[in-house]
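Mind docking chains W and G on chain P? Use the hints.
Chains as they are written, first to last, in this note's numbering: chain P, 1 to 358; chain W, 359 to 849; chain G, 850 to 1001.
Take these hints with a grain of salt, some might be off.
[Unchecked claim] Heads up, simulated DSS-like pairs for lysine-lysine below, C-alpha to C-alpha not over 25 Å straight-line:
id	chain 1	residue 1	chain 2	residue 2
1	W	K765	G	K920
2	W	K755	G	K920
3	G	K967	W	K794
4	W	K763	G	K917
5	P	K167	P	K279
6	P	K63	G	K920
7	G	K907	P	K63
8	G	K999	W	K765
9	P	K5	G	K967
10	P	K266	W	K765
11	P	K153	G	K999
12	P	K229	W	K844
13	P	K79	W	K755
[Unchecked claim] Here are some of the chain P residues that sit facing chain W, going by a computed Cβ distance under 7 Å:
id	residue
14	S78
15	Q81
16	L240
17	V249
18	L253
19	A254
20	V258
Hints are computed from structural coordinates only; laboratory data are not their basis.
These numbers were taken from a predicted model, which means no experiment stands behind them.
Don't be surprised by glycine CBs; every beta carbon is placed ideally from N, CA and C.
Here are the chains, one letter per residue:
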Amino acid sequence: MVLLKKLYDWIDERVQLENLVHFLGKKYVPIHRHSIWYYFGGVSLFLFIIQVLTGILLLLYYKSGEELAFESIQFIMSKVQFGWLIRSVHSWTANLFILTAMIHMFSVYFEKSYRKPREITWLTGMLMFFLAMGFGFSGYLLPWNELAFFATKVGTDIAGVVPVIGKPIMVFLRGGEEVTGATLSRFFGFHVAVLPGMFTVLLGIHLILVQRQGMSEPLGVEDAHGTPKKTMPFFPNFLLRDLLFWLIVLNLLAILAVFFPWELGKKADAFASAPAGIKPEWYFLFMFQTLKYIPAQLFIIDGEVFGILLFGVGGLLWTLVPFWDRKSSRGEKNRFINYVGLFIIFYMIVLTILGWIA
Amino acid sequence: MDRVRSIRRTAQLIVMLTGWTILAVAGDQCLKCHEGLGDKPSVLFKHDVHYRKGVSCAGCHGGNAGTEDMEQAMDKKAGFKGVPKGDDISKACATCHSNAETMKKYGSSLPVNQWEALQTSVHAKLSVKGTEHIAQCITCHNAHGIVPVRNPQSPVYPLNVIKTCARCHADAAFMRTYNPSLPVDQLDKYRTSVHGTRNLRGDPKTAECASCHGSHDIRSAKDAKSNVYPVNLPAVCAKCHSNADYMKGYPIPTDQFEKFSRSVHGIALLQKHDVAAPACNSCHGNHGAAPPGVESISKVCGTCHALNADLFSSSPHKKAFDDRKLPECETCHGNHEIIAATEKLLGVKEGAVCSRCHSESQNIKGYGVAKTMRELIDSLESSTRTAGMMVDDAEQKGMEISEAKFKLRDARQARLQSRTMVHSFNEQKFRETVEKGLTTAQIVRSEAEAAIQEYSFRRIGLGIATIIITILAISLYLFIKRIERKQQAGS
Amino acid sequence: MIPNDGMKPVNEDKRDFLKWILSGGLLAFVGSVIYPVLAYLKPPPQGDVEVSSVKACKLNEIEKDSGKIIKFGTKPVILIRTADGQLRAFSATCTHLDCTVQFSKDRGLIWCACHNGKYDLSGRNVSGPPPRPLDEFRVVVQGEDILISKKT
Chain P
1 MVLLKKLYDW
11 IDERVQLENL
21 VHFLGKKYVP
31 IHRHSIWYYF
41 GGVSLFLFII
51 QVLTGILLLL
61 YYKSGEELAF
71 ESIQFIMSKV
81 QFGWLIRSVH
91 SWTANLFILT
101 AMIHMFSVYF
111 EKSYRKPREI
121 TWLTGMLMFF
131 LAMGFGFSGY
141 LLPWNELAFF
151 ATKVGTDIAG
161 VVPVIGKPIM
171 VFLRGGEEVT
181 GATLSRFFGF
191 HVAVLPGMFT
201 VLLGIHLILV
211 QRQGMSEPLG
221 VEDAHGTPKK
231 TMPFFPNFLL
241 RDLLFWLIVL
251 NLLAILAVFF
261 PWELGKKADA
271 FASAPAGIKP
281 EWYFLFMFQT
291 LKYIPAQLFI
301 IDGEVFGILL
311 FGVGGLLWTL
321 VPFWDRKSSR
331 GEKNRFINYV
341 GLFIIFYMIV
351 LTILGWIA
Chain W
359 MDRVRSIRRT
369 AQLIVMLTGW
379 TILAVAGDQC
389 LKCHEGLGDK
399 PSVLFKHDVH
409 YRKGVSCAGC
419 HGGNAGTEDM
429 EQAMDKKAGF
439 KGVPKGDDIS
449 KACATCHSNA
459 ETMKKYGSSL
469 PVNQWEALQT
479 SVHAKLSVKG
489 TEHIAQCITC
499 HNAHGIVPVR
509 NPQSPVYPLN
519 VIKTCARCHA
529 DAAFMRTYNP
539 SLPVDQLDKY
549 RTSVHGTRNL
559 RGDPKTAECA
569 SCHGSHDIRS
579 AKDAKSNVYP
589 VNLPAVCAKC
599 HSNADYMKGY
609 PIPTDQFEKF
619 SRSVHGIALL
629 QKHDVAAPAC
639 NSCHGNHGAA
649 PPGVESISKV
659 CGTCHALNAD
669 LFSSSPHKKA
679 FDDRKLPECE
689 TCHGNHEIIA
699 ATEKLLGVKE
709 GAVCSRCHSE
719 SQNIKGYGVA
729 KTMRELIDSL
739 ESSTRTAGMM
749 VDDAEQKGME
759 ISEAKFKLRD
769 ARQARLQSRT
779 MVHSFNEQKF
789 RETVEKGLTT
799 AQIVRSEAEA
809 AIQEYSFRRI
819 GLGIATIIIT
829 ILAISLYLFI
839 KRIERKQQAG
849 S
Chain G
850 MIPNDGMKPV
860 NEDKRDFLKW
870 ILSGGLLAFV
880 GSVIYPVLAY
890 LKPPPQGDVE
900 VSSVKACKLN
910 EIEKDSGKII
920 KFGTKPVILI
930 RTADGQLRAF
940 SATCTHLDCT
950 VQFSKDRGLI
960 WCACHNGKYD
970 LSGRNVSGPP
980 PRPLDEFRVV
990 VQGEDILISK
1000 KT
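The following block holds chain P by itself, in its conformation from the complex (with noise of 0.2 Å):
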C-alpha cells in the first residue's frame, strides 16, 4: 500500500492527477429500478478486452494462408499449452460481445437515452456495433474451415447483390472474384488491424463522452433540479460492483470453454459441393432468414436487393434515431419508440428461431 502511494506521488508530480481523480470522485451513478442495464456497457468493453488480449496470444501462433491457417489452429488447439483455452474463449466470447452489445444497445433505446445530448454517443456506439458484426465475420473465416468458407461464400455473394456498388464492394471484400486465400489474407487484415484500430478511435470517443456526461438517467426519474433521487459514487462502488459482474462473466466464459470447447470442423475445400444446410452465425441469422422469405420477384426489383434494401434502411433509420425521435429530445414519453423496439426485438427473435430450426 505504501509503495503505492509512493507510485501516485511521483505520477501525480509530474502529470498532476489530483484534477483527474477529483473528478473521477465526483463522478456518480443514479440508482433506480433500470440500473441493472448500466452494466451493460462495462460488460462489453470488458468483452472486448479480453478479444483483445486473447486475440494477440492467438496472433503468436496463427498461420494466416490457406496452405497453413486450419493446421495452425489445430496446433493451437492440440499442441500449445491451454492452446484449446485462449481459442474458445476467444470464439465464445466473440458471440458474448455481440450479445451484451446488443443487450446494451437496446437498453440505452428503450431508455431513449440516445436523446439531447448524447446522439454522438450514440452514433459512436452504432458505429462500433456495426464494425463489431466486421469483426465477426472476418473472424469466422481466418481458421479456413469447411463452414468459414462457404458462410464467407454466401455472405459476400449477398453484399454483391446490392445495385451499383454491391459487386465493386463483393470484389474489394474478396479481394478477387471468388473467395479464395486473398480473402483469407484481407479478412486477416481487417480483423487484427484495420477494424481494431478504427474501433478504438470509436471507443475513445464513447468512453470520454460517457465520462463527460456522466450517466443518463430514465425520463422521469430526475426531480426538479435535474438531479437523481438515489445516486452512489462511480469510484469505488460502481466501479467494484463493475469488477464483481466482470469476474462472473469470467467464469462463465471458463466453464464454456471446458465444457463446450469451440469446433474446427474441416478444412476448406474449394472444390468440394457445400454442406447441406449452411448458415451464417446466429446474429445474422434474422436476416438471413428474411431474405429467405422475400418472394425472387417483387415487382421490378429482384427479391433479394429488395431485403437488403429493407435492411439497409431499416439500420439507417435505427441509426438516426436520435434526430428523428423529437418526443424524447424534449423529455416526452414515447410510446411509439418502445413499439418499433419490442417488434424489432421480437422480429429479431422469432426469425433467429426460424432459421436455427430450418
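This is chains W and G only, laid out in the frame that chain P set:
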C-alpha cells in the same frame, strides 16, 4: 376346245398319280440316282439318322424327291435349293430343328434351341469371308452322315468331341486369323489332365470340351454369361463333381463345391463376384485339370499368396511336410473349405492346428515356438485393441487425437504382417514383426492416455479456478457492502 | 450503526479477515490467469505447425523413380515421381486389407508388403489379392511446391 383341255387335264392327273405311286414304291429318287453316280454324300447319307427317320435329300436340299427326271427333281420351281452356302446351311437345319412341332412329328425329344443358342455364341461371329458365321451346324455335326450324339460314330460323341474342336482350335495358323492371343494348346494340356487321360482310355462320362464350354452357346471366358466365366465356373464343375450318382465309380469325394462355397475364396467369388478370387481352374488348371501334387501345393497357393509360400518354402516345415507326404498349405488350411485364417489356428490350445503334430511329449521345440507365437500375437492384438479403445475414448471426450489414430493404422498393419510371418515358423523373425507393432501400439496408448489426462486436467483446473473466483467474488461483494455501510454511516 | 467498544475488536478482526481473504483471493485469481498465459507463451516441444496435408513437399524433395508417403488428413497418400518425371498420387491404403502400400523401385511398381499385392504406376491392381485399383489424387505443382488434393 373344252374337250381337248379336259382330256389334257385328266392325262396330267393320271401321270401325277402314277408318279407318286412310283415314288411310294421306288423311295427317294435323288438318293437312288446319286448313289448310282457313286457320289460320297449319298453313301454317307445311308447311315444318316435323317434317312432312317424318312427324310429325303429334298428335306434339306429342296426339290422333288419322287421323280426320276433330273430336270423335274432339281427344279427351282419345286423348291430345289442346290447346295446351301453359308448361313443358309444352318437355316436349313433350323427349319426343322427349331420347330418343336416338326420335331414331335418325327418322335424326337431333342431340344429346339440350338440355332438360337448358336447365334449368341462366339462362333456366330462373322467369318473372315464376312458373309457367314464362323461355324455352321455341319461344321461339328457333319453334313450327310449325321448320327445322334450318343452314337460313338458321331463327331460330337464325348470321346470324339476333342478331335472335332481341335480341328480348328489346335490349328495355330487358323486361329491366328481370328484371335491371335487365344492359346491353341488346349488339346495337349487336356491330354495331361485326369479328364483327358480317362477320355483317351474310352470313358464317355468324363469331361470334354462341351461339358464345360457348352455346345451351342459357347461364349468367350471373359463374357460374364459364359459357362467358364470365373463366377459361373464352379457351378459348371459341380454339375458332375457334386452329383454323387454320376460320380459313382470314381474314387473322389463329391462335396468340393459345397465346401468351396463356404470358403473365403468361394464367398469372394460367388457372392461378392470378385474375379480375382480363385475358381476351380485357378488351382487345378482348366484344360490340364489335375489336383496339384503334394510338393507343389505351396507353389500353387503361392501364385497369389506369394509371401506366405516363400516363407513356408524356406521354413523347416517344407521338408518335414514333404517327407511325410503332408499336403503343405492344405494340412493346416484345408483345400476347398478354406475359412479366414485367424489367430485361432495358431498355438497349442483347443482348435489350433499346431497341436496336431506338436505336443509336450512330441516335437517339443515346435510346441514351444507355437505357444510363444500365439502368446505374442495375442498380446499384440490386445495391445492394439486397448490402444484403439483409448483413442476412441479420447475422441469421444472431444480431444484432438488424429495423429495417434493415424499411427494406429501401423499397429493394425503389424498384426496382418505377423499373421504372414507365422509361415516362417521362426520365433525370432516373428518376434521382431510383433515387437514393431507392440511399440507402435504403446506409443498410441501413451498419446491417448495423455489426451484423456488433459481432459481431466482441464476440468479439475476449471474447478479450482471457479473456487478461486467464487471466493474472490464473495469477498469482493462483502467488501463492497462494507464500504457502502461505512458510507451510509458516514453520511 | 453506533460503534461499540466491545464490537470494535471483532469488527477490526472482520475487516482484517475480509481484507486478507480479498487480497488472497485477488492474488490467487491473478495467478490463475497469469499461469495459463505464461504456459501458452512457452513454445510447445513440436515447435511448429506441421506441413499441411495438402501441400506434400517441394519438387526437389522427391527424386525421379521414387515414392513418398504423405499424410492427407487422417489417411495416407503415396506420391510417386516416375522415371520420366511425372508426378502422381494415390491413396496408400491397399484395397485388399488396408495395409499401407509403398513404392518399389526394383519392381517398378507400387507394392503392398502384407500379401504381395501389386499396383502399376497408374494405380491399377495388376497382381495379388487387391480387388480394386488405388483411388487417384490430384497433383498440382505450384512453383516449387507439390499440392495434393482430392480428385473431384
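These are the hints, each one checked on the structure:
At roughly 11 Å between alpha-carbon atoms, K765(W) and K920(G) fall within 25 Å of each other, so this suggested pair holds. Under the criterion of a C-alpha separation no larger than 25 Å, the hint pairing K755(W) with K920(G) is consistent with the structure, at around 24 Å. Proposed proximity of K967(G) and K794(W) is supported: the alpha carbons are some 24 Å apart, at most 25 Å. For the proposed pair K763(W) and K917(G), the alpha carbon gap of about 20 Å is at most 25 Å, so the pair holds.
A hinted pair counts as satisfied when its Cα atoms are at most 25 Å apart, and K167(P) with K279(P) qualifies at roughly 22 Å. For the hint pairing K63(P) with K920(G), the CA-to-CA distance comes to about 20 Å; that is within 25 Å, so the pair holds. Distance restraint check for K907(G) and K63(P): the Cα-Cα separation of roughly 19 Å lies within the 25 Å cut-off, and the hinted pair is therefore satisfied. Pair hint K999(G) plus K765(W) holds up; C-alpha atoms about 22 Å apart against a cutoff of 25 Å.
Between K5(P) and K967(G) the alpha-carbon distance is near 82 Å, which puts this suggested pair outside the 25 Å criterion. The hinted pair formed by K266(P) and K765(W) meets the criterion: a straight-line CA distance of about 20 Å does not exceed 25 Å. Simply put, K153(P) and K999(G) have alpha-carbon atoms about 21 Å apart, close enough for the 25 Å limit, and the pair holds. A distance of roughly 20 Å separates the Cα atoms of K229(P) and K844(W); the hinted pair therefore holds under the 25 Å criterion.
For the hint pairing K79(P) with K755(W), the CA-to-CA distance comes to about 17 Å; that is within 25 Å, so the pair holds. Contact between S78(P) and chain W, as hinted, is supported at the beta carbon level, the nearest pair being about 4 Å apart and thus within 7 Å. Interface hint at Q81(P): violated, since its Cβ lies 10 Å from the closest Cβ of chain W, which is beyond the 7 Å cut-off. Annotation: interface hint on L240(P) holds; nearest CB of chain W at approximately 5 Å, less than 7 Å.
The interface hint given for V249(P) is violated, since its Cβ lies 10 Å from the closest Cβ of chain W, which is over the 7 Å cut-off. For L253(P), the interface hint is violated, the least distance from its beta-carbon to any beta-carbon of chain W being 11 Å, above 7 Å. The beta carbon of A254(P) is positioned within 7 Å of a beta carbon in chain W (closest approach about 6 Å), and the interface hint is therefore held. A hinted interface residue such as V258(P) counts as satisfied when its beta carbon comes closer than 7 Å to some beta carbon of chain W; here the least separation is about 5 Å, so the hint holds.
Violated hints, listed in ascending order, are 9, 15, 17, 18; each of the other numbered hints is respected by the structure.
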